[in-house]
Amino acid sequence: MEQANMEHAEDHGLHLTPEQEYGISKLGMWLFLGTEIMLFGGLFAAYAIFRAKYPELFLESHQELNREMGAVNTCILIFSSLTMAIGVTAIQRGKQMLAGIMILVTIICGLGFGVVKYFEYGAKFAHHIYPDTNIFFSLYFMMTGLHMLHVFIGLAVLGVIMVLTFKGKFNEKYSTPVEIGGLYWHLVDLVWIYLFPLLYLVG
Amino acid sequence: MTWIPEAASNLAGKVDGVILVITLISIFFFVLISAVLIYFAVKYRRRRDDEETPYITGSEPLEIIWTVIPSILLILLFVYGFVVYKEMRTPPKDAVDITVTGKQWLWTFDYYNGKKTLNELYVRQNRPVRMIMRADDVLHSFFIPQFRVKQDILPGRYTQLWFTPTKVGTYDLFCAEYCGTGHSQMLAKVIVLSPEAYDIWEKGIGVDEGANVASLPPAELGAKIYKEKGCNACHSIDGSVVIGPSFKGLYGKTGVFEDGSSYTADENYIMKSILEPQEEIVEGFQPVMPSFKGILSDDEVTAVIAYIKTLK
Amino acid sequence: MANHTIANNVYVPFLEQKGFLSWFLTTDHKRIGILYLISISLFFLIAGILALLMRFELMTPMSDFVSPHTYNVLFTLHGSLMVFFFIVPGLAASFGNFLIPLMIGAPDVAFPKLNLASYWIYLVGTIITLYALLSPADTGWTFYTPYSATTDTDVVMITFGVFVLGFSSILTGMNFIVTIHKMRAPGMTWHRLPLFIWASYATAVLQLLATPVVGITLLMLIAERSLGVGFFDPAKGGDPVLFQNFFWFYSHPAVYIMIIPAMGVISEIIPVFSRKPIFGYKAIAYSSLGIAFISFLVWAHHMFTSGISEVAATIFSFLTFLVAIPTAIKVFNWIATLYKGSIELHSAMLYALGFVFLFTIGGLTGVFLGALAADIHLHDTYFVVAHMHYVMIGGTVMGFFGALHFWYPKWFGKMFNESVAKLSWFLIFVGFNVTFFPQFFLGIQGMPRRYATYPEEFESLMALSTYGSWILGLGVLIMTVNLIKGLYSTEKAPQNPYGSLSLEWQVPSPPPTLNFEEIPTVTDWTYGYGKKKEVDA
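Residue numbers (the numbering used here), protein chains in the order written: chain A, 36 to 238; chain B, 271 to 582; chain C, 3 to 539.
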């Protein structure tokens, strides 16, 4: 086991202990999350500005959105964050099998989110609603589209982590990638927690 | 040439005051800093390689002095700049309005009295005037250096500025916000008339139209219009293609429109191109030319045609 | 499980390994630094040649060398390449990579593989942009809407290239922050860090927080052109001024991304060649952070004439004056460092002093532009062009050249010809001033910027500026040849030619691959030059 730990640290070429690597990776990830907030922050700022400028347009347009689908997706994402958190706790306690399964459930939820979104976009296009329909839908498509992109990236990352977890690469002493992946997934969830009420509920 | 252009509006002197004060303070600090820099560099230059230097790491009193003094100065400068700015942004109640439209790459002016001019802005000496401005396409900026005024012009929104011209004369009006290929040709003249001359212009005969029609032979009048009405922004007279076709050798030329039909550049073709430029577009060019209907009189169109004929 | 030391007593310089893959797949921060150095230098030279072409066209009032459209393309490419491909990654990516681990006593950056990935992303961004040059945009480097949304030229490609580049900048910034937090050698406390590290830290924070905003702004512009959305199009309910707000929210901090590392370089060079401790260490260190913080609050000073409200203009003018204060503090501290020093006018020191001189002019002329009434007249004229170049060339480029001459022996283990270096410094200094000082007067006279043709009354000053650009170009050419020639010289550089106390000079030149044979333990700050009085100790 000791041997395996060292190998991961050796990958870095820096001769770091797992504890050091954990601290470094975690700080790096938090900084990265900071830039993500700024990225979405630009769109949220645009949302605030245009909403203040055209309250009626936003009210009218947001009624075209399918609240039920949005709500379902919100539940799916919150649930997936929960399973991810369980997965992280499991690996910290060395339960590799449980962790792997929990990450798998998280991935399935993420895919489910994508499927719902696919039908939602499809319905919009069927009603001839496109990104250039009006400012509200421009924002809707850009914000949810950018979020969707993050979901896909998250799925790819979690996929790799899941395979490695099942292969037994992580354990209670070395679980940094699982935790980092989990942090990222929580961000994806968090962004949606803001997107859902802003776009679907308050209009 | 003086270091700053002639001050020809009521605001110019005030802006110059701000610029002058900052210039003097800047020169003071610049001379101080560079003198000390050079003095130290010479006085303490290394003479022997084993020179001893003192271990000085800082001085709190000095840090405080050179933080506080610049801070006070900067705040005073901010206030001075703000006070003058406030006045520049507050038009007097008796100002008359002129509507300015910026379009790639010309200026039109609509006056309170129903008159309309292109690339020439007529204003009366000592009367405050307010520009209500809008762009037709992209951003432009209304800039008259001698008046020290500048304001960007936006599509879909009005912006404004005001000034009182104080000196009779002709001044350059520049477009100061980059607006594409013809940006540097988007120029107009500001003509400040004495109250008497302005009254004559206002009564209708139009100082320059009157003069144009009365005194010049057609080809020369055409040449004048070519420059004054901004044709030169897009049409060269040396054969090079800027935005539109060159005027050189244009008369009598044959070519093809975008729809494939062919044309010969005769009098009617040129007249139609000036008055209804969007109707037919010559192959390889963009439909960007504005109509000059109502801007050029029939005589002036004839003059332009005569001028083009001379460009063989 | 404790820290290993690198038990390898054979000294192998990091430059030893040869071959394409040894570079392309390297995770050595020093090699990645060289890759950036070569890339940004190439872009600097290309964009510099574009500038010479522009100045040549501007020698006479008429369009007699290139057409107005070509001129517009030239200034767009000059600006975009210089800003996004040279000066923003510039010092931070090249010297930041090379120096940060060496200066803090670390074997490498925190994420060496990510560091390499950042360079690859930079490369992808450059390839996209070079492809975009096949049908170059004519929008100016600021991409202002609605012109950028409507022009026939290809704006999407070049903005996409810049967008991709942004990721490289973000990841590099993240890497550096983590490195500085977590990888410092034992005893290297925050207040012992070289000021270049403080500067790099402030820069990295800006890269991290500002770059995503320009990323999303450019994405919105791309969506505007490709999907027909109308965030910035008044006809669709959008607002063209919103683009300017977003753009400058990034691009003003970006100005400090460009200048703060150069300030860091100056803070390293001046103490070494004065043999004096840096004066006011904490003032300089914290003023970098102060500048970084305020820089997020001043973006609209680029927009005083663009139709923002008077209240907004007033607030932003006030905040702009605030940013001048930490900048002034730095200048005073650098000069105070010279006091009673033992000053050697090495070429690197000449660049550093040139920086102080020119940057002072750049900073003072910034005060004109911060003052509302004066800015109304001077905005969008050559005054702004001159001010910006005094800060960017007089500041950043002088700092860059200074860094090149200062760390050259360390980086390459070779020496360049010092006399030729001094000559090229002189030509660059004189050429620069002849080129850009007249432009202050042109601006006050009312000459608008971005003009392909201009009224005849400006001709004499414009021609003078063009002559200056030739001297400047000649100086840069001589400097480049001198530095390249130095690489082939047989003269080996000593480990510590200037007697510096900084850690990077305590390892061989060029350093071995993992920098330190044994991670050093730091006992004093970096600037302990001069004779300590007994009472001080």
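Just so you know, the hints here were simulated from the structure itself, not pulled from any lab data.
Take these hints with a grain of salt, some might be off.
Simulated pairs of lysine to aspartate or glutamate, EDC-like, Cα-Cα distance not exceeding 16 Å [to be verified]: (1) Lys533(C) - Asp319(B); (2) Lys373(B) - Asp407(B); (3) Lys184(C) - Glu54(A).
Partial chain A-side listing against chain C, Cβ under 7 Å, derived [said to hold, decoys possible]: (4) Leu62; (5) Leu74; (6) His162; (7) Pro166; (8) Asp167; (9) Ile170.
Note that CB positions come from ideal geometry on N, CA and C, so glycine has one too.
Right, here's what the structure says about each hint:
Using a Cα cut-off of 16 Å, the hinted pair Lys533(C) and Asp319(B) holds, with the two alpha carbons roughly 15 Å apart. In summary, the hint linking Lys373(B) to Asp407(B) is supported, as the alpha carbons are separated by about 6 Å, within the 16 Å threshold. A C-alpha spacing of about 11 Å is found between Lys184(C) and Glu54(A), which places the hinted pair at or below 16 Å, so the restraint holds. A least Cβ separation of about 5 Å between Leu62(A) and chain C falls short of the 7 Å threshold, and the interface hint therefore holds.
Hint status for Leu74(A) relative to chain C: holds, with the closest Cβ pair at about 4 Å, below 7 Å. For His162(A), the shortest C-beta to C-beta distance to chain C is roughly 17 Å, which exceeds 7 Å, and the interface hint is violated. Hint on Pro166(A) holds. Least Cβ distance to chain C is approximately 4 Å, under the 7 Å limit. Taking 7 Å as the C-beta cut-off, the interface hint given for Asp167(A) holds, the closest approach to chain C being about 4 Å.
Annotation: Ile170(A) was flagged as interfacial toward chain C, and the flag holds, the nearest CB pair being 5 Å apart, inside 7 Å.
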